[in-house]
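Protein chains: 2
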Amino acid sequence: MQDRIECCEEHCVHPEILEHVKLEMPNEEALYDLAELFKVFGDTTRIRILYVLFESEMCVCDIAELLNMSQSAISHQLRVLKQAKLVGNRREGKTIYYFLADDHVRTIIGQGMEHIEE
Amino acid sequence: MQDRIECCEEHCVHPEILEHVKLEMPNEEALYDLAELFKVFGDTTRIRILYVLFESEMCVCDIAELLNMSQSAISHQLRVLKQAKLVGNRREGKTIYYFLADDHVRTIIGQGMEHIEE
DNA sequence: ATTACATATGAACAGATGATCATATGTTTG
DNA sequence: CAAACATATGATCATCTGTTCATATGTAAT
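Going down the list, the protein sequences come from chains S and C. So for the first sequence, our numbering puts the first residue at 1; every next one is plus one. So for the second sequence, our numbering puts the first residue at 1001; every next one is plus one.
Since the hints were made in silico from the structure, they are not lab data. Any given hint might turn out to be false.
[Stated by the list, open to error] List of simulated lysine-lysine pairs, PhoX-like, C-alpha gap at most 25 angstroms:
1) 39(S) - 1082(C)
2) 1082(C) - 82(S)
3) 1022(C) - 82(S)
4) 1039(C) - 85(S)
5) 82(S) - 1039(C)
6) 1082(C) - 1039(C)
7) 1094(C) - 39(S)
8) 1082(C) - 1094(C)
[Said to hold, decoys possible] Computed, partial: chain C to chain S, Cβ under 8 angstroms:
9) 1017
10) 1022
11) 1031
12) 1032
13) 1052
14) 1056
15) 1059
16) 1066
17) 1069
18) 1077
19) 1080
20) 1108
21) 1111
22) 1113
23) 1115
24) 1116
Don't be surprised by glycine CBs; every beta carbon is placed ideally from N, CA and C.
Starting from the given sequences, assemble the full structure and let the hints guide the process.
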């Protein structure tokens, strides 16, 4: 957060900063992936699933019961969470256990909580 | 992440853990607000705006030019970012400068980046 | 006051999203 | 292998989202 940029377009007093900002921007693909990742967090059902998995790994129908939702709805959302690599799973007989994939999940949700608690 | 829960519903071997998880869950309103917050991060345009503001506060039309988008589109999105308290603004004559509101933005985006870079 | 400039806002429309329902897949047991 | 169980998946539909377009608001200068 240095100098600010004067308005407007062709009147910008600091074109070198505009240029600098452009260079600092991550590439389009990374920004797209980042937005996609946050979209995954941007749904109450998925947030609740992640919270439930904070406590213990669990099978699909347990999550469904805890959240009072259909098995199908949970399964669809677990798929989304898995594609985003936020959860992993392992099979044990008929049952498939889901668990949190890594600690970024906790950090990200924790920071989000801090923000809304202000 | 302690004991796992056995399947299914009425067959759960650890009903006390199910009960424990229910008690640990934040209230519905907090979860809703949290999802709403992440929804705001879940859009490429808004992510790009936040990234641009990492470097320097900026006026609307500068952002619009940097992102190569219409003034209206940027203005609509800045409104969303402001409602989520992710950005603030101040007026200086005709111009309105937008800036990042707090450091949670950097932390959250930073963690998100770490996650997708794996 | 009139004009120009910077920004905001409302309506509208296309595209994305999430739950439901019906059904399919994969596993174990008898 | 047939039945039961746990989970996954595809289609459908109502709802939500983001951009555009036209226009409104607010400020400064002449």
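Does residue 82(S) pair with residue 1039(C) here, judged by a C-alpha cut-off of 25 angstroms? OK: residue 82(S) and residue 1039(C) at ~18 angstroms, within 25 angstroms.
So, as I understand it, the hint says residue 1069(C) touches chain S; can you test that by seeing if any CB pair is closer than 8 angstroms? Where the cut-off is 8 angstroms and the nearest Cβ of chain S is about 13 angstroms from residue 1069(C), the hint is violated.
Return the status of the interface hint for residue 1111(C): holds when the least beta-carbon distance to chain S is below 8 angstroms, violated otherwise. 5 angstroms, holds
Regarding the pair residue 1094(C) and residue 39(S), is the alpha-carbon distance no greater than 25 angstroms? 35 angstroms, violated
Pair hint residue 1082(C) and residue 1039(C), alpha-carbon separation not exceeding 25 angstroms: 14 angstroms, holds
Restraint satisfaction for residue 1077(C) [CB to CB of chain S, less than 8 angstroms]: 12 angstroms, violated
Can residue 1022(C) be said to touch chain S, with a Cβ gap under 8 angstroms? Hint holds; residue 1022(C) Cβ to chain S Cβ min 7 angstroms, cut 8 angstroms.
Take the C-alpha atoms of residue 1082(C) and residue 82(S), compute the straight-line distance between them, and say whether it is at most 25 angstroms. 31 angstroms, violated
Close enough to count: is the Cβ of residue 1113(C) nearer than 8 angstroms to one in chain S? 6 angstroms, holds
Holds or violated: residue 39(S) with residue 1082(C), Cα cutoff 25 angstroms? 18 angstroms, holds
Under 8 angstroms, Cβ to Cβ, is where residue 1108(C) needs to be relative to chain S, so tell me if that hint holds or is violated. Holds, about 5 angstroms.
When the least beta-carbon distance from residue 1116(C) to chain S is tested against 8 angstroms, hint result: 5 angstroms, holds
Of the hints listed earlier, those the structure fails to meet are numbers 2, 7, 17, 18 and 19, in rising order.
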